[in-house]
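The primary structure of each chain is shown beneath.
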Amino acid sequence: MTATIDTLPDVLSPVRFHQVGKTFGTGRKSVVALDGVDLEVEPGEFVCLLGASGCGKTTLLNLVAGLDHPTAGRIELNSSRPAVVFQEAALMPWLTAAGNVELPLRMAGVPKAQRRAKAAELLELVRLAGLGDKRPHELSGGMRQRVALARALASTTDSTGDAGDKPSLLLMDEPFSALDAITRDVLQGELLRIWRATGTAILFVTHDVREAVRLGQRVVLLSSRPGRVVQQWDVEDAPDAAAVTDEINTALRKVISSHAA
Amino acid sequence: MPLDVQEGSVEAGLDALDTPVDTTEGSRVRRIAARVLPPIGAVVVLVAIWQALWAAAFWPEFKLPAPAAVWSQIWQLVTSGDIAELFWVSVHRAVIGFAISLLIAVPLGLAIANLTVVRRGIGPLVSGLQSLPSVAWVPAAILWFGLNDRAIYWVVLLGAVPSIANGLVSGLDQVPPILPRVGKALGAGRFGGIRYILLPAALPGFLGGLKQGWAFSWRSLMAAELIATSPELGEGLGQYLHNGMSLSDISMVFAGIVLIFVVGVGIELLVFRPLENTVLKARGLGPAR
Ligand SMILES: Nc1ncnc2c1ncn2[C@@H]1O[C@H](COP(=O)(O)OP(=O)(O)O)[C@@H](O)[C@H]1O
Ligand SMILES: [Mg+2]
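Chains as they are written, first to last, in this note's numbering: chain A, 1401 to 1661; chain B, 1327 to 1615.
Be a bit skeptical, because a hint or two may be false.
Calculated lysine-lysine pairs in the DSS-like style (CA-CA distance at most 27 Å, straight line) [said to hold, decoys possible]:
no.	chain 1	residue 1	chain 2	residue 2
1	A	Lys1566	B	Lys1510
2	A	Lys1534	B	Lys1389
3	B	Lys1607	A	Lys1512
4	B	Lys1510	A	Lys1534
5	A	Lys1512	A	Lys1429
6	A	Lys1512	B	Lys1510
7	A	Lys1566	A	Lys1534
8	B	Lys1607	B	Lys1537
Just so you have them, the derived chain A footprint on chain B, three or more residues with Cβ under 8 Å [said to hold, decoys possible]:
no.	stretch
9	1394–1401
10	1513–1521
11	1571–1584
12	1603–1610
Since the hints were derived computationally from the structure, they do not count as laboratory data. The structure displayed is predicted, hence computed values, not measured ones. Beta carbons are placed, not taken as given, at the ideal position from N, Cα and C, and that holds for glycine.
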């Protein structure tokens, strides 16, 4: 390993929003999905983004992932390519589990032997070692979502098969909401384990308050139409999880009922 | 149940419970028999009816030949070795025509599917050409190129290219939009996205187009060979059929029809069906029944 000459300051955030806005369409039919969003994720931090359906959570993640561009403000990205996990696993049905994990590496031009090794390592990380040869349709919903997570983590590596010195960032868009309760509970535990093992920063979108409180160090509540940051809670050091959950629930209900009028 | 469940064991249990199981049963021989016997039975019944009609002598012999007479025509082609030339002339033309069609149809389909202007401009034209019987091009092709292979390939191309291109377009249109989005999130560029995501995702629809393209190219070829006959062109199955008509030999005509049918269906069963089944099975999509 060569030493980098100008070492990055250790406070550089993987992602920082500066008054970000996103409007779909123009004229009278336009929809303001996001407006004046300021948000910062620290290296290694687990942030849960909470909001009602349609408040712009997916839009926000898409902006960070580079799948869409803001119409106002600016997003400062200091991470390697963000890893993205969607609500559906969306595995490529013609590839095996290992083939899916290798896909981003293949597109980045990583040599075959290195790809193999990296995919095996990531499948091990999500506890699917030995199932690399299975096709997506031979896996359960929870297993597919774990393959999707391994594949997303593979996408952060560059052509040398290594993520470089930049902090890593994992974006997750309601990844467990299509799973049954037990599987979801287990995968939440797994995600926390993987987060601790990899030290990656996570921006996790959910509409489930309990999930947000269980997983996140910080919970950010987004309002609806336009999506703005309403309030934030530091839930990691909260003495009483149940009380915080109630408080956030109340705030969320208030945001939703403000749209009834 | 002990309280301290071993780490990871709940997950392992869930995985075991949730994993879909393969429920296909029965031995391989039985499954193959169940596939093969019905069509054989159908052919036997058909030949029996034919034999009965012939024996009843509803029609004179020069209109309806005996099954045995047709068989002896075919058998004579086999023993004399002439069948090899008939097959070679026709099949190699169909294969070359199909291959050229593929080279033209794939870029065409990609352009129609990906570029709005091209889709609006020539999309309807290509669909329209698909419903125009390509045999309608035979007179023009003969006037343009003369009685030669080029005229025949022209007709075959106009039969096969629209089918293959349309198959590719509908295959691409049916790709779930989430897949290219995922591809982009995984770092696919424009060509990486086409090469690694779009094309493989469109493969099942594309194979359907290929199958249809083969049928059209075989059909067009037979029509062209039947109409455009000349010593220069060599004797293919279409010409054989034509000769049967010229000689007023109905058993030869029937033999020609049977051989054309056998080649068309044979290639579909030997090449396209296994290909399609392999691709669909790998994706957990049931094979076409
Ligand atoms: N491509 C688009 N075109 C127009 N409107 C969109 C588009 N994508 C999202 N929207 C609108 O933006 C708002 C936020 O959507 P989204 O980010 O998907 O919400 P969430 O993920 O929080 O449910 C919604 O009102 C939605 O209708
Ligand atoms: Mg959403």
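(message) I'd like to know which numbered hints this structure contradicts. Please list them from smallest to largest.
(response) 2, 5, 7, 9 and 11
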